[in-house]
Amino acid sequence: MLNMKNVSKIYRTDTVETHALREFSLTVEEGEFVSVTGPSGSGKTTFLNIAGLLEDLSDGTYELDGRDISKLNDKERSRVRNEKIGFIFQSFNLIPELNIFDNVDVPLRYRGFNAAERKRRIEQSIEMVGLGSRMQHLPAQLSGGQQQRVAIARALAGEPRFLLADEPTGNLDSQMADSVLDLLAEINAAGTTIIMVTHELGLADRARRNIFVRDGQVSDNAPELHLASMAAG
Amino acid sequence: MEFGPIWRAMMRNKGGYLLIALQIAVTMAVMVNAFAIMQERSKKMSRPSGIDDANTFSLVSVSFNPELDAKTLVQEDLDLLRGLPGVANAVETNSFPLRQGGWSEGLHREPGVGKSVSSSAIYFVDEHGLDTFALNLVDGQNFAPDQVSWDSDSPDFWPATVIVTQALAEDLFPEHEGSYVGKTFWFNDENPANIVGVVERMQAPWPTWTGIERSMLVPLRRESEFARYVIRTEPGYRDELMVQAEELLSGSNKDRIIRGLGSAEEARKLSYLGDAAMIKILSFIILLLTAITGLGIVGLASFSVARRTRQIGIRRALGATKPAIVRYFMLENFLVSSVGVIAGGVLAVGLNIVMVQAFALTPLAWYVIPVAMIVLWVVGQVAVAGPARRASGISPAIATRSI
Ligand SMILES: Nc1ncnc2c1ncn2[C@@H]1O[C@H](COP(=O)(O)OP(=O)(O)OP(=O)(O)O)[C@@H](O)[C@H]1O
Ligand SMILES: [Mg+2]
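As you go down the protein sequences, you meet chains H and E in turn.
Heads up, the first sequence is in my numbering, so the first residue is 1 and it goes up one at a time.
Heads up, the second sequence is in my numbering, so the first residue is 234 and it goes up one at a time.
With the C-beta cut set under 10 angstroms, the calculated list includes, among others, these residues of chain H facing chain E:
#1 R77
#2 F87
#3 Q90
#4 S91
#5 N93
#6 L94
#7 R111
Below, in silico cross-link-like pairs of lysine-lysine (DSS-like), each with a Cα-Cα straight-line distance of 30 angstroms or less:
#8 H:K75 <-> E:K555
#9 H:K119 <-> E:K247
#10 E:K277 <-> E:K513
#11 E:K304 <-> E:K487
#12 E:K555 <-> H:K84
#13 E:K555 <-> H:K5
#14 E:K555 <-> H:K119
#15 H:K71 <-> E:K555
Going by beta-carbon spacing under 8 angstroms, a handful of chain E positions derived as facing chain H:
#16 P238
#17 R241
#18 A242
#19 N246
#20 Q544
#21 A550
#22 L551
#23 G552
#24 A553
Hints were generated in silico from the structure; no laboratory data involved.
From the three backbone atoms N, C-alpha and C, an ideal C-beta is built for every residue, glycine too.
All chains should be built: construct the whole structure from the sequences, respecting the hints.
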């Protein structure tokens, strides 16, 4: 469903050109759970941003569900993000002045669902992450793990086919991280394609496929991880 | 629409919004009442004087000849003036509407010493007065030439016939119904005057006098070294005839000076100078307040956009289009403005009630409040448009790039 060919991304400032991605090629099939690891600054977030249509690519081609993304205008890109993609961020990114219910509601309003439909989806997804009793709470009144669960509920309420997570457990302790991972595994089992960027090899290992990024390219050279998972499988 | 969450989000961060709403409310209250004052002044300024302002001018002849034969000179002058091509008519008189100087007299309904029941501006004229001032005679008739007398020939000074304005007649005889022609009142508690004609309107010389609509034509000519001439021209000839008339009179008799040349229009402008200035000042205040409020809204919105940079990026990442981001800030501003204009409406009416009582202002016209509301709503939306557009330019990548 995701197909990147020779994608490059160059950040230009007055003095420097940063090649965040170079000739980056990757195919992800429907239903996969892919983890992305790599050193800091290797381009993981850049890849995710491009995959999630948050940023433009400088060169190469990117097809999502067979559509050439570079041909879409801003409105169409917004719509793809809204309907097909769910985002989970390291720092949760809940909107601080909205309560849990309203936070989950945000993408559903942009989707144009009617009030009854939104309410049903919001309640269902908040129940699913186990926070049914907290709907009127503000984000600041929840723990980090709970906030990340709300973020997952928000990402899932629109039933996206594609979930992108950038260090979803980076701000959580290992127990919380595990439970978030359990949730993601459950979601993947239900058919949602997941791409998750992480630093922690232990977590990466729970994905069904691992890719290693170095210097803005997919590297074949991630021996420990691949060997570990191959040995396990 | 998304009013619900926008409102709830605002309620968690009230301070700035309340201040702006308050500013809008105060602006509206001042705006509405300033406008009411402006409206009243401009209504006052547009009252018709009753004469043909546009085509009327006046000048004064001051003779310094000790052997002056005033009767002859005035008659010669009038003949000369009336003979000028383009002059419709001319009269010798003491003043004209809105000149800010003139003669007034207390009037009695019965002879004998007592309180006067009314008062009136007095214009001394001959039988050309009615036509020179272009008054609209609604009842009775003009003076016959033999009803006009010189004060030197008139032992009691006050002549026995007058032409009054409708307003004066009504004030003198409030109970009376039907024609006022033939009714009698008394000057100075002893000289009877019989109404021979009623004109629709002729204002007094004093713009601020409450009795400005009460005046009368008195068929008396006064022998004096001063003679004020009022001249009405055919439309369009006024300016050239002002020059010609001055030259003509200066040339016809060397023993005098001509001064006080001026049009009725100028006199009118002068007499409403204060009102015109007030209107200018109040418009300026309204503009200034509106601009300050607009800038306040720009400031609040810019601050709000800056504070929410990350949230805007998140919204974009979650699928908000650029127009959706613009709409968010427009709606937010609409809510703040609505609170402001509703509070402002209440405040405006309250202030108006106070002003009506304190300064006898006429109460607000019903449409002023809704119009002010719409104006401030529009100002708000225009003011917020810039910051909102900037907000829509925030990249969705903010969501992953900021900590
Ligand atoms: N907006 C930007 N302008 C300029 N350079 C940027 C920008 N965003 C990222 N970069 C650069 O692009 C490169 C890749 O950054 P990216 O955020 O993708 O790395 P990463 O793999 O996610 O790192 P980390 O693991 O630390 O999150 C880095 O060298 C970074 O400095
Ligand atoms: Mg990163």
